Amino acid sequence: MIVQSQIVQGKYLDSVKLMLISKELRQQEGILDAVAILATKENREILAATDMLVDEIKHAAETDIVIVIKAEAEEQASAALKKAEALLKEPAGKRDSSRPVARNIRSAVQHLKDANLCLISVAGKYAVKEAQEALEEGLHVMIFSDNVSLEDELNLKQQAAAKGLLLMGPDCGTAIINGCPLGFANNVPSGKIGIVSAAGTGLQEVSVAIAHLGFGISQAFGTGGRDGKAAIGGIMLSACLDFLIHDPNTEVIVMIAKTPDPKVRKQLWQQMSTSDKPMVVCFLQMVEHPALPKLHYSVSLDGCAVQACEELSKAKAGTLHTTSATDLPLPQPAGKRRYLMGLYSGGTLCYEAQQLYHQYFGDYPLSNAPLNSDFKSTELWNKQADCFVDLGSDEFTVGRAHPMIDYSLRMKFLEQTGTRADIGIILLDVVLGYGSHPDPAAELLPVLSRINKEIIVVCHVLGTAEDPQNAETQATKLRDAGAYVFTSHRVAADFAMRILQN
Amino acid sequence: MPESYRAIYIGESIEDGRYQEIFSSHAKAVNLIWKRQVISVCNRTICPGPFRLILDLDDVSHIRSFNQEQGLLQVNCEPCVTKGMEVYQVLDFSRELPDAERELKVADLNLPPRCYPPQSVGYLLALGPQLEKSFDGTLGNQYKKGLALIGCGDIKAGLHCFKGKGYGLTPGGDDFLAGFMLGLSWKERAQKKSLSEIKDLLLCESLSENYLSNTFLLQAYHLKPDRDWADFLLALETQTNPQAAMLKITSHGATSGYDTLSGFFAAWEIL
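Respectively, the protein sequence lines represent chains A and B. Going by this note's numbering, the residue at position 223 of the first sequence is 223; the numbering climbs one at a time, nothing skipped. Going by this note's numbering, the residue at position 34 of the second sequence is 34; the numbering climbs one at a time, nothing skipped.
Chain B extracted, bound-state conformation:
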């Protein structure tokens, strides 16, 4: 346990209050339950986000509570140093894109299947049929069926082929749906398409007992991404090396970054 805690970033959406009910915990992040979502207390390797408190620590797994009251922070009931701490404010993505920037070549960025790591949605989508009788094969075929259903306009049935399914603490399918939501939010903005009905349906059908998945989904719904995603969206908007920004996202979690990217590209390509 460190002598004193020091905060590096705090997300703009974290409200005053005491957070002490643990949803999940490991070296990089402790997720504390808040309104069927989570507030994450993270180590310094995690990028800032609207619902994240980033501490100057390597391992946060011992953290059991976090308290914020009028700018004063406590971690495990001990004062947390906030000198030099930045408030992470999400870039304002609500402003309209200039006409010239609406035709973004997002599809060109999608990764070939060989680039997706095993157990990710992209990998299982590509290899599903070859692994038919195994867990991975069945999962991959589910994902594939889901994509086909969404492509045919049966969004509700399609998203249920992803929800809660797959590997990881936020199952790959949930990450895919969060990315899909982000893709819709971004497409809505970039192409001035009204996709609010689909977004509302996606939100309504996808919220679950997995509060971590809920958090990512709601952030995507409101287009309030973490910094790495915000950097990627900004790079897309300005066409300044989005590949480099994308690389940062692929380092999220085990396959989470890849899975959200798969969802983002799917939303862009299918709808």
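If we strip away everything but chain A, and leave its shape as in the complex, we get:
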């Protein structure tokens, strides 16, 4: 038996790396034991007790790292130490020699020659460079990252368009390409309806509604929320629309956006007029649109889904929810409980709810993401007013995950709102699907049980029974906790507005 050691100085390592080194060295041939540890006095005592404390490391500093090998023979110990040296030079992380390692997009393309799409999810400031590289490699690009400047977005989209490639994003949270869900997306069936959307949860809401109605999706493209702005000019809305117009697997086209710039709208109407395929458009508010024979306009997301399914089946598509909101007796808020608090994780849903509020009351609610900038407020927690909070906004996601994943902030606000004496209704969305929280009901139920029972909780569950969280299970749990649960956001919001109106 032989023991060899090495002191590692002037090199900073993390714990994960140290543990991986210990583990890998023990798997080498002829190695009886091996460790990579801090040379604390106490660890040296353990080494001594296991006959692994050799002279070289007896006087190592407390903060030195030592690698000690106990082997059957000298050559095996030496080989293991050489292996340790090589491992020290490798970056931290899992090593699987059977899988190729790519250090950048160019190298990834070399390993995966059939790849044609690159999903980028890095800090915004680095996303541009990566997207540029992906475009140069001839890949379609989906940029999940936010914090990319408008100028960079325009530049990237112009380059992509010139090459006949798609550039979805930045801040593109959802897409379903060839049946593969990317980012936050739901498990919906394949079918003949193609979607292009500049609104992430809008795409989720419509694709799920289509699934509820028994139909499916050919492709669902996200473009990022700013594509419809004048500065970008709807480059990708137009490119994706063009793709769907020419896609033989798409029979009906759906377009969703938060009211694009008038010039962009004009250009899109013109493009739609060139196609024979039925188009269903939802810009989330009433806008002037041309009277094209195949063009249908809807203000609401679920209306858009119903219309698309009807166009496909040439028949009434049915209803989206098992219990119609109009069938339910309207609960009455108690006494002085007169305000509504909307706590949203989906930005588009928060937007749609505010539109509906405006239709009902002719006024705007307060919001951190308002329809009308005069009603912007960041201090919404104790305002004696109806408020809609988009918890997915940048101010709430710095240093924490998106509220569809991390419910902690929403629970905090829910708890706080639940103690207020002037709140009558809480309106919530629970967005399910890939990438979202694995069990939102488990998070929400304890808080819901503590909310003052006089407060009416209205909840929209966005998802399918095939989603990892199972929408039906989630809805049942929330309903059992006393919430009014709906599978259509418009219906849920409408129900809340009618209570408020009363």
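Don't take each hint at face value.
Said to hold, decoys possible - One-sided and incomplete, this derived list gives chain B residues near chain A with beta-carbon spacing under 10 Å:
hint, residue
1, 29
2, 148
3, 151
4, 174
5, 191
Claimed, not checked - Listed next, the in silico DSS-like pairs over lysine-lysine satisfying Cα-Cα at most 30 Å (straight line):
hint, chain 1, residue 1, chain 2, residue 2
6, A, 82, B, 28
7, A, 263, A, 336
8, A, 23, B, 248
Unchecked claim - Residues from chain A shown here face chain B by an in silico Cβ test under 7 Å; the list is partial:
hint, residue
9, 1
10, 28
11, 31
12, 49
13, 53
14, 54
15, 442
16, 443
If you are wondering where the hints come from, they were derived from the structure by calculation, not from laboratory data. For clarity, every value in this text was computed on a predicted model and none was experimentally measured. C-beta atoms are modelled at their ideal positions from N, C-alpha and C, and glycine is treated no differently.
Given chain A, work out where chain B should sit, using these hints.
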């Protein structure tokens, strides 16, 4: 190196001053020495803590210094953007728990040995005897002996079976002791037990030349945890899905999160 640094969180306990002596450094954190403790400059994946500056970066290993003067921050002698930065303030855990909330079922949360990753204290405690002649076996037996000694009331001898022993930049045993301290602080509050003598002994005997371990230990002593631990303690207090909060802790370091949890549960169960 980024064009400009942007801070996301700064801990409430970081005093004005210049920090430039490196204790340890890797992609996720650079630990700068301060009064036998460390101030950590961390990447965005690390949760905020009272002695942490969280930067909007993936890799902070190139950082060599950090300076704070009257609200102005500099990283590597360059200005650091603080717009949108939050000051991490530890939840006030000093208020008394209502009677109904004192009987918390903490022990029920403890993980079965199979859930602890290899090289963690929990794993080695469970498998120590089977690995007797190896480093891991000897280490596991030390931990086991330590627990037994603490259980018999010989706290001082028991904690020395953990101090400085184990894997990682904060050896597993040190993480265990930090968790043990946190368990004592929490138990003291939840059950109105006076454990200050044991806490003082633990602090006095456990402080070492490992300034990172010292930092965790002192935070635990003062019940000033990082956000993930604060979330866990709050979830325990309110009995709102503490398992989910616990999961976040288990992602700390290689086995650090597991080791501190082992210590926390041990304090709850033994004393």
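Cross-check of the supplied hints:
{"no.": "1", "hint": "29", "verdict": "8 Å, holds"}
{"no.": "2", "hint": "148", "verdict": "17 Å, violated"}
{"no.": "3", "hint": "151", "verdict": "21 Å, violated"}
{"no.": "4", "hint": "174", "verdict": "9 Å, holds"}
{"no.": "5", "hint": "191", "verdict": "23 Å, violated"}
{"no.": "6", "hint": "A:82 <-> B:28", "verdict": "27 Å, holds"}
{"no.": "7", "hint": "A:263 <-> A:336", "verdict": "47 Å, violated"}
{"no.": "8", "hint": "A:23 <-> B:248", "verdict": "24 Å, holds"}
{"no.": "9", "hint": "1", "verdict": "11 Å, violated"}
{"no.": "10", "hint": "28", "verdict": "15 Å, violated"}
{"no.": "11", "hint": "31", "verdict": "11 Å, violated"}
{"no.": "12", "hint": "49", "verdict": "5 Å, holds"}
{"no.": "13", "hint": "53", "verdict": "11 Å, violated"}
{"no.": "14", "hint": "54", "verdict": "13 Å, violated"}
{"no.": "15", "hint": "442", "verdict": "6 Å, holds"}
{"no.": "16", "hint": "443", "verdict": "6 Å, holds"}
In this structure, the hints that do not hold are numbers 2, 3, 5, 7, 9, 10, 11, 13, 14, in rising order.
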